[in-house]
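Construct the complete structure from the given sequences, taking the supplied hints into account.
Line by line, the protein sequences are chains A and B. Quick note: the first sequence uses the numbering used here, first residue 1, plus one each step. Quick note: the second sequence uses the numbering used here, first residue 1, plus one each step.
No lab work stands behind these hints: they were computed from the structure. Keep in mind that a hint or two might mislead.
[What the hints assert, rightly or not] Computed, partial: chain A to chain B, Cβ under 8 Å:
hint : residue
1    : R34
2    : G42
3    : A44
4    : S45
5    : T49
6    : R51
7    : K73
8    : A76
Remember, predicted model here, so these are calculated numbers, not experimental data. We put the CB at the ideal spot given by N, CA and C, even for glycine.
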Amino acid sequence: MDSTQLLKGVLDVAVLAVLRDEDGYGYDIVRRLRAAGLDEVGDASVYGTLRRLFQGGALTTYVVPSDEGPHRKYYAINKTGSAQLDASTKDWGEFAGAMDKLLSGKVGAA
Amino acid sequence: MTTITSAEIDAYVAAVAAALTHLPGAVQADLLEDLPDHLAEILGEGDDGTLRERLGDPATYAAELRSAAGYPAPGADGESAPRLASVLAQLRSRLDRTDLFMGRLLGYRRAREAARALQPGWWVLRGWLVAHILTGHFVSTHPTGYFPKVAGDGRLGALLVAACIGASVRFGRATSRGTVQTRTLATLASITIAIFGLYILNNIARWTYYY
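In structure tokens:
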């Protein structure tokens with residue numbers, strides 16, 4: 001199964017989950033997603049998702065100045081994003097549960 | 001912090017930007033905002049390989065970025081075509097609403113249904129008008145009465161009117177069951193006769209005034 005297709009539907013949720021743990025800047029978020037096991041995730045997809053979530057009001061941003069290196073723009077999850085994550089977690093649980101049942105052949109039971 | 005080849009970053013950013021020119025300026029700026037920092041981070045990792053090798057072709061990157069951010073592909077929203085389509089759609093809906101409104105005024109569901117119900121009436125009127133046209137009574141030099149006279153004879157005139165009405169009704173029945181082309185030609189003929197009808201009515205009005 002092509003995991004890039006699977007990932008497209010849930011990248012929003014994955015990004016929100018990563019940010020719930022801790023605020024992060026773009027590339028850091030990409031690394032954390034890959035470390036969690038989503039090694040196929042594309043950089044551009046993560047950045048695009050971050051912009052979309054931000055435009056949708058689920059994230060806030062702030063800049064952390066630095067003397068030695070570049071100023072980094074950090075993303076943080078806000079209340080809207082948290083609510084979105086909770087709802088999506090519930091949806092995901094139901095969806096994954098249904099898929100597990102189907103794949104293990106236990107269809108038919110009400 | 002290692003030195004970064006900003007030339008390579010600039011080139012990549014420019015190439016990505018080039019693939020996003022179909023989007024509004026504010027959107028482009030938004031999408032490109034994080035890119036230089038992103039590229040700097042990658043080069044800062046110190047791995048071998050150019051930006052292209054690490055991230056892929058800039059056009060592909062741009063497409064993936066745009067798609068994940070929820071914006072349309074180039075050509076997916078051509079300016080003029082949707083505008084024309086939406087104007088036509090508005091026109092169609094306005095016609096439809098007029099159709100329903102006028103229809104209800106006349107006691108029908110739609111004006112079109114009223115028109116169809118009144119069509120045989122038009123056929124009769126058309127026959128009467130054709131009789132006048134055949135006797136040349138649309139010309140203003142001969143004001144005429146409600147019934148045309150054939151060679152001065154009123155009864156012949158009445159016969160002519162009856163014959164024309166009969167023919168008109170038959171013609172109407174036949175063409176209403178015909179092809180689109182037939183019906184279009186019949187409609188054009190009716191419109192022509194109706195225009196003559198205006199002159200005929202004018203003539204009759206003058207006649208009633210004088211007699």
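Each hint, compared with the structure:
1. R34: violated (13 Å)
2. G42: holds (6 Å)
3. A44: holds (4 Å)
4. S45: holds (4 Å)
5. T49: holds (5 Å)
6. R51: holds (5 Å)
7. K73: It holds, given that the least Cβ distance between A:K73 and chain B is near 7 Å, below 8 Å.
8. A76: violated (15 Å)
Of the numbered hints listed earlier, those contradicted by the structure are 1 and 8.
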